[in-house]
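A.B. asks: Sequences are here, hints too, so could you generate the full structure?
If you read the protein sequences in the order shown, they are chains A and B. Position 11, counted from 1, in the first sequence is what this note's numbering calls 11; the numbers after and before it change by one each time, with no gaps. Position 23, counted from 1, in the second sequence is what this note's numbering calls 103; the numbers after and before it change by one each time, with no gaps.
For the record, the hints were derived by calculation from the structure and aren't laboratory data. Mixed in with the good hints there might be a few duds.
What the hints assert, rightly or not - Among the chain B residues that face chain A by a calculated CB cut under 10 Å, a handful are:
#, residue
1, 144
2, 202
3, 207
4, 210
5, 211
Glycine included, C-beta positions come from ideal geometry on N, C-alpha and C.
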Amino acid sequence: MKREEIIEKVNEFLVEEIEIAPELIKDDALLKDDLKIDSLDFVDIVVIVQKVFGFKIKPEDMGTVKTLGQFYDYIEEKVK
Amino acid sequence: MRRAVITGMGIYSCIGVTLYEVGNSLFEGKSGIGIDPVRKEYGYRSPLTGIVPKPILKPFLDRRLRSCLAEECEYAFMATKDAFQDAGIDTDYLENNEVGIFYGNDSSAKAVIDANNTIVEMKDTMMLGSGAIFQSMNSTVTMNLSTIFKLRGINMTVSAACASGSHSVGLGMMFIRQGLQDMVVCGGAQETNYLSMGSFDGLSAFSTRVDNPTAASRPFDASRDGLVPSGGAATIILEEYDHAVKRGARIYGEVVGYGFSSNGGQISQPSDVGCEIAMTRAMADAGVSVRDIDYVNAHATSTPQGDAFEAMALDRLFASAGTPISSTKSMTGHECWMAGASEIVYSMIMMQNSFIAPNINFEHPDEHSQNLNIITKARKQQLNTILSNSFGFGGTNSAIVIKKL
Numbered sequence: 001m002k003r004e005e006i007i008e009k010v011n012e013f014l015v016e017e018i019e020i021a022p023e024l025i026k027d028d029a030l031l032k033d034d035l036k037i038d039s040l041d042f043v044d045i046v047v048i049v050q051k052v053f054g055f056k057i058k059p060e061d062m063g064t065v066k067t068l069g070q071f072y073d074y075i076e077e078k079v080k
Numbered sequence: 081m082r083r084a085v086i087t088g089m090g091i092y093s094c095i096g097v098t099l100y101e102v103g104n105s106l107f108e109g110k111s112g113i114g115i116d117p118v119r120k121e122y123g124y125r126s127p128l129t130g131i132v133p134k135p136i137l138k139p140f141l142d143r144r145l146r147s148c149l150a151e152e153c154e155y156a157f158m159a160t161k162d163a164f165q166d167a168g169i170d171t172d173y174l175e176n177n178e179v180g181i182f183y184g185n186d187s188s189a190k191a192v193i194d195a196n197n198t199i200v201e202m203k204d205t206m207m208l209g210s211g212a213i214f215q216s217m218n219s220t221v222t223m224n225l226s227t228i229f230k231l232r233g234i235n236m237t238v239s240a241a242c243a244s245g246s247h248s249v250g251l252g253m254m255f256i257r258q259g260l261q262d263m264v265v266c267g268g269a270q271e272t273n274y275l276s277m278g279s280f281d282g283l284s285a286f287s288t289r290v291d292n293p294t295a296a297s298r299p300f301d302a303s304r305d306g307l308v309p310s311g312g313a314a315t316i317i318l319e320e321y322d323h324a325v326k327r328g329a330r331i332y333g334e335v336v337g338y339g340f341s342s343n344g345g346q347i348s349q350p351s352d353v354g355c356e357i358a359m360t361r362a363m364a365d366a367g368v369s370v371r372d373i374d375y376v377n378a379h380a381t382s383t384p385q386g387d388a389f390e391a392m393a394l395d396r397l398f399a400s401a402g403t404p405i406s407s408t409k410s411m412t413g414h415e416c417w418m419a420g421a422s423e424i425v426y427s428m429i430m431m432q433n434s435f436i437a438p439n440i441n442f443e444h445p446d447e448h449s450q451n452l453n454i455i456t457k458a459r460k461q462q463l464n465t466i467l468s469n470s471f472g473f474g475g476t477n478s479a480i481v482i483k484k485l
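C.D. replies: Here it is as structure tokens:
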């Protein structure tokens with residue numbers, strides 16, 4: 001899967017399912033402070049990523065993932 | 081003594097989703113019963129059910145709030161939103177005043193079954209998502225409504241089978257009388273999905289009159305063959321009288337009496353004595369006599385046993401006075417955990433508009449109902465004092481008396 005396709009799919013579920021305002025979707029947006037993704041949202045994102053990308057996010061892997069750009073990187077690495 | 085009055089109501093039911101729609105249905109004797117074909121495939125004896133529309137929540141609630149709502153909470157949200165609006169209570173009021181909640185609910189079967197199915201399929205509890213736990217608990221309605229409306233008073237679900245909604249109103253009244261709260265959200269919610277009623281159907285308690293669904297629920301009629309499950313939600317805003325007057329609220333009526341009892345018998349066995357004790361206590365609490373009651377909204381669900389035992393109690397108390405009686409379950413089906421609250425809303429709509437809703441499908445009395453004044457056609461009549469009955473499995477009984485002010 002190409003990075004552009006990953007970005008498109010992630011942005012789509014963040015807007016459609018997590019209901020994040022489209023104007024907040026930027027590479028350097030902080031997941032917690034800018035996108036307001038809390039621990040409960042994260043549980044839902046784990047479920048969506050499993051359905052969309054076919055792997056399960058390990059909570060311990062997310063320690064270094066702070067921005068949306070880093071989240072794209074993480075998914076890209078996992079789906080390789 | 082501090083007095084508890086009704087200043088707001090909201091209803092989401094199979095006979096309408098606004099007070100106006102429901103009022104028309106009650107006056108016209110319109111049934112909300114239909115057939116759910118999925119129930120037959122699933123193994124039910126009876127596919128009959130109240131047909132309740134799915135609420136559209138997105139205009140009112142964000143994803144986080146919606147994701148925690150089980151079906152019965154969706155109904156309860158719609159009813160409560162409308163009840164607050166009806167009472168003239170806005171977000172400013174809720175942010176600056178302490179409001180409590182006692183709400184009747186006694187299952188969240190679909191949420192539990194769906195979660196179980198996901199775990200069985202995925203072998204991973206994280207695949208349930210964040211909302212499953214908040215949908216699955218019995219207190220799902222009160223935990224969600226108190227979060228959505230930012231309630232900061234008493235916060236508790238009342239689980240008392242088919243008397244849950246009625247007890248919630250009784251308890252709300254007591255908290256107001258005691259000076260513990262000035263405003264309490266009371267009500268009852270009932271899920272209507274096919275997963276929620278299979279075990280009840282398994283007792284052969286449901287009518288199988290599928291050839292004519294709107295004639296299936298026939299409380300007190302000699303040919304009744306069981307109840308029709310139904311649901312939705314009803315919300316009643318209870319408020320301390322002086323508090324209501326001070327803020328210029330419209331007052332529908334005063335909850336003047338709450339009576340309760342427990343049969344102490346077999347788990348599904350109704351009791352005429354238990355019913356009579358609850359009604360007698362409610363009237364004593366209200367300081368009224370049998371002849372002061374202008375209308376009884378009966379619990380009668382259309383089961384052979386249940387209606388017979390309630391009829392025996394009603395006969396002893398109300399037959400000689402000729403008190404008008406009807407069971408609105410003839411139109412709505414049995415709204416179970418919601419019924420005690422919705423039937424108070426139905427009765428208040430009647431009081432407000434001076435009519436008695438009919439007990440449709442009552443064609444031939446049996447030996448127990450033959451002396452009762454059961455109303456079969458809508459009747460224009462002023463109602464000053466009403467009594468509403470609710471009884472449930474385990475022998476829990478509740479009766480509420482309400483007076484017009």
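A.B. asks: Run every hint past the structure and note whether it holds.
C.D. replies: Verification of the supplied hints:
1. Taking 10 Å as the C-beta cut-off, the interface hint given for residue 144 of chain B holds, the closest approach to chain A being about 7 Å.
2. Interface hint status for residue 202 of chain B: upheld, as the beta-carbon distance to the closest one in chain A is roughly 8 Å, under 10 Å.
3. Interface hint status for residue 207 of chain B: upheld, as the beta-carbon distance to the closest one in chain A is roughly 6 Å, under 10 Å.
4. The beta carbon of residue 210 of chain B is positioned within 10 Å of a beta carbon in chain A (closest approach about 4 Å), and the interface hint is therefore held.
5. Look at residue 211 of chain B: its Cβ gets to within about 8 Å of chain A, closer than 10 Å, so that hint holds up.
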